[in-house]
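Student: Spelled out, the chains give:
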Amino acid sequence: MSLPVLLVAGLFLPLFPFSMLFNVLYARVRHPVLRGVLLLVWPQIGLAIILMSSASIPPWLPVWALLTSLLYALRALALRELGLWTSFIATSAWALVWIVLSSGASMTQLQWVGLGISAPLLLMAFLVAGLEHRFGAAYLDLYGGLAQTIPRYTTVLVIVILAIIASPLFPTFFAMLSIIIKVFPVRPSMAIGVGVVWLLWSWAGARVLQGLIIGPGHRDVVDLKQASLWLYLLLLAGLIVSGVYGLGGML
Amino acid sequence: MSVALGQQLKIRSMIYVAAEPVPYFWPMRSFIHHNPLHGLEDMSFSEALDKGAKLFHGQAYLPRTVYQRYLRDGKIERQHLRQEVERFLEQHTGAVSTGMPDRLMNLLTQMESPVMLPTALASDADIQSALQGRPLDARNTSATAVEDSIRERLRQNLLGGRPIYEAVDSMYGTDISSSLDELVIKSCLDFFDEGQSVWRMPNREQGFFAAWRQVAKRNIRLFLRGLHINDILAVDETPEGVIDYVMTTLQIPQESWVDYFTQELARLHGWAGFIRWRATAKHYHWTQRFPGDLVDYMAIRLTLALALLSECSRRRVACTAESINELIATRTHEAYLRYELYSGAVVPSFAHRIETALLRGRDTLIKQTFTDYLQHKRQQEAQQQSEHLHRWLSQCDAGADLAQLPAQDFASTMALLREFERQEGMCWLRAMETHAMQALLHGVNLMTVETREKRPFAQALFCIDTRSERIRRQLEGIGDYQTFGIAGFFGVPVSFMELGKGSETHLCPVLLTPKNVVLEMSMNGEQKPAALGVLEKGLHALKESVLTPFVTVEAIGLLFGFDMVGKTLAPRVYNHWRHGLHPQKPVTRLLLDKLTREQADSIVRAVQRAVIVKALEQELGQATEKLNDELIRDLREAAMGHDCQYRQHARELDVSEAQLDDFIQRLREGYRINAAFAQIQLEQLGRIGFTLDEQVRFVSQALKSIGLTKGFSRFVLLVGHGSSSENNPYESALDCGACGGNHGLVSARVLAQMANKADVRKRLNEKGFQIPEDTWFVSALHNTTTDEISVSDLDLLPSSHLVYLDRLRKGLTAASRLCAQERLPSLQLVRGNTETPEAAFRMTQRNSLDWSQVRPEWGLSGNAYFIIGNRTLTRQMKLNGRAFLHSYDYRLDSKRQLLENILTGPLVVGQWINMEHYFSAVDNERFGSGSKVYHNVAGRFGVMTGNLSDLRTGLPSQTVHEQGQPYHQPLRLITVIEAPFEHARRAVESVVSVKYLVRNGWIRLMVMDPESQTVFVYDDGDWSEQACTGAVSTESPKERMSS
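Chains as they are written, first to last, in the working numbering: chain A, 1 to 251; chain B, 10001 to 11043.
Simulated from the structure, these hints should not be mistaken for lab results. Just so you know, even glycine gets a beta-carbon here, dropped at the ideal spot from N, CA and C. Heads up, some of the hints might be wrong.
To give an idea of the chain B side of the interface with chain A (calculated C-beta under 10 Å), a few residues [to be verified]:
#1 V10115
#2 M10116
#3 G10173
#4 T10174
#5 G10344
#6 Q10380
#7 D10893
#8 E10925
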């Protein structure tokens, strides 16, 4: 893989500092549909570029990707703005695709991994928009008490966060598991690094839940409609099914 | 550095004054109900509530929606509420437009949340513009003036007596406050532990600060956190010196120290209240062993606070009063944005922008953000306020009226609305109290004077406790029983030493300190420890060790499983079986009579002889059969320093004279057989028992105070009360408050034993009491969890009474079962069967033994009335366990002394109980103790929520709430005195504490004058007259009270 192609691919499967472009773009785009499109399409462009190029990946690149992933996972811990949090987690997760790539996975597998990572983040983009609509901002530690105030919304939020932080049965879980399983025999230190990233995501996810759903509910806010709740739950069930039979089946 | 003595004393007195608003917290073994705002009782009720709510960050009234529910349920009447609204409007004569009472009534009854929002930037003119749909006018005040007002507000919010670390948290988003609380709680748990910990803090006998100081200096965890404790502790060895240093370093002006200390203490008011009580309880065993007070506590708190702040200051954070003040003065924009962002007041849509601006730190960006934010916030406040007003006014069809008012009238209306919503809690409360007072007035019987032709079958004296009302009513209903209400310690303050216990328990209200000790003595011989008891002790030892629990769990863990299954599935049968394994408590008597000097001497001698025998066995290996009386006497005389030829016994004991001399010396020093200690023992023995005069005085006072001087029946039951429940740290909260949170049986036994004594009877009859010879005082215990009444000391009952015993027992059993049947539905037990009284009674018994039951009974929840008067006043009423009933006959109390005693003791205790329930109901998280489910016992004297929290001081939610809503209806204690008006008024005026409770509105007082058939109600400094309607009421009083 030639260096210019690599750099271009590093924009879409973000490597620091090229990753800043995606995050700036994501912060500028406010509409949830556009954000969703961005989350779905962005890594797929990167994968398409790699597909077009047939050169092998230099050994230092997965290390760079892991460091990028660690950096963004760590930064996500301190963020209070949920939109930014979503884009940082996306950046951290997509960077790991380079490691899958270096482990010799097929392009189909890679595309599934990319989609599996993006899907819960897409739902998150809509949930963030919902919070902004209700409270003026999706921001941690400002209002809280969502569990009491808008329980249906909270149910969906909790499950989506669980999906993002790669909890079992969700596609992200199988993606992370496949990375660790494949990388560990070759480069154990890299696998440990991926494990640390996973741990940081969980921590960041727990912080989000703590900053939003705990505490007394005290605002007159409209909850999700019943139909929206079912739609979200259906999509999440679809994610689980695709996780178990899609990515899970590829392990 | 050492602080001058004058400054040390000054700091001590400042902390003493600062701690006044913090209520005492007694150990939970003897739970004492108290008013959480006791320290503010010198203020009027409403003022104290405002101050208390600010100080303890709690709510002083229920939310509006709960009061609205009371209105729907008929617990508040609309007309009473309207009276309160009109009263408010009369007091605040602002620009009141026509129809304002209707609008305010609409606001109270139709709007679920307050209409007036707190506004920081939007003016009334802005709100009016928004209400009219016009854009906001440009500010006519200058930017400098706006900034000045922001500066002033920041100084007030951040430096107005608030701890510095709270200000830092609000400015920088740090978490010093909770870190500090956590460290302080851990230190308190270490020091104040009363045997829960296996590894204890060293050097505790040196005092709280000294012991903590030594540990803190070597605390690696503090060092690893970057806390430089040693630098602070090196400044001074005394707590006062450290306090002085920290306060000076933080640059707090000395005139603000008292307020500052109060704020510090209020943060963990449970711990502060416990330490405050402990420091004053000189008799408390743990105080004597490990002394500690609030000065120590403050020194520790401030040391840790300064260390945490110093750690923060390394990150360029303003950490002193001066530096924060400077930040506000020189970088107002930044300070304001910081405060908005980190105190949670920020408009959410601006949060991220502000955070970014602060992170970048560029002055121009901060200034621009500040300007935009001010404008946005002002606009948003005005808009939100106008929406709220519009929503309310559209319901009253008055939206246009208000919007079109002249600016000045609009502003005064806004001010009126703000004030009204601030005071609305008081309107609801007073309306609710008026309803409760009216309900009582409709039900009481002030007309009839009960006359008896023959004496009743039995008379029973119950505690004034609200739970006695039900059982008294049932007992009176089933037969020829007459009941009386008296404080549960029966007027006899006793320091009780239970059989097998080494410490004294005070059986009296905490307001009193008993002078007399009563010992419990066994009638049986020495008992061998039961095998099960030994096994249990062994098991505890294994559990508490460091390594053995690992093995114990593997080896005998299954046994605990059986225990758990038994307790859970069949609590009655299993507990009955388990109790059967333990030996029964032996028959005991109380040592009640004062000892003569000769008796006391004899006891001391007997004890010394027993000790010498034991010492000879242990020290010199002598067999008991070798020891004769002469030998023991000579050794004792020698040890006491008297002349005697004790050396002649050396050969007898096979020891040398030198060895015998050594032994005598050890007797004096090790075994404390010496003249000085004998004198102490004699003094202690002097506290035991009561003289005949004292006994006569206590019995006559008790009987006279309830109006019982003649017409005595064959049985006079003295019924103390207590509760029984499993796995319940709050068990003593359900016991008798008048007995210091203990069971009341001992007090009943004490009075019964006194009253049955022939000499006492003789003296009483000489004093005018007409007690027949066949009258027998019988002590009993009312178990309030099961409603069972068990009679004790029946072996002392004269044989002539045995034929009546069966009738008495059957009567008591029937009353118990009926009471259980009446009470059980309110507990809402899943498996509750109340079809028959017997089934209900069995269910209550199961309930008391169920270890998973978080609400074994409702306790004193629901208390509302304190009625001092004849039983005929309320006998026909069903008060649903809501009234303290104290019997009183003013005709026997011409000097008002008995009434004054009732007011001084029982009424004050009743008011504490009432206020404890009031505050636990209105804000259970702050003034109560939250849910029991998360409670853990701390140090064996309190409970915490989770593994680390402030000591939970009030009542748990399961005691005052039902399914998230208040079960206890929070009212001030409605006190009724049945007596001629002047008689009652003078008595109240002469008891200073009660006088101020009444004048300041902590108690609602009514005097029912039976001679003029008039009721006098005290309200807001005035007495008003009302005719008593009880006798002519057409509605059934029972129905009224039930509603």
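Student: Against this structure, judge whether each hint is valid.
Tutor: Okay, the hints, checked on the actual structure:
no.: 1; hint: V10115; in the structure: 13 Å, violated
no.: 2; hint: M10116; in the structure: 16 Å, violated
no.: 3; hint: G10173; in the structure: 8 Å, holds
no.: 4; hint: T10174; in the structure: 13 Å, violated
no.: 5; hint: G10344; in the structure: 6 Å, holds
no.: 6; hint: Q10380; in the structure: 9 Å, holds
no.: 7; hint: D10893; in the structure: 51 Å, violated
no.: 8; hint: E10925; in the structure: 9 Å, holds
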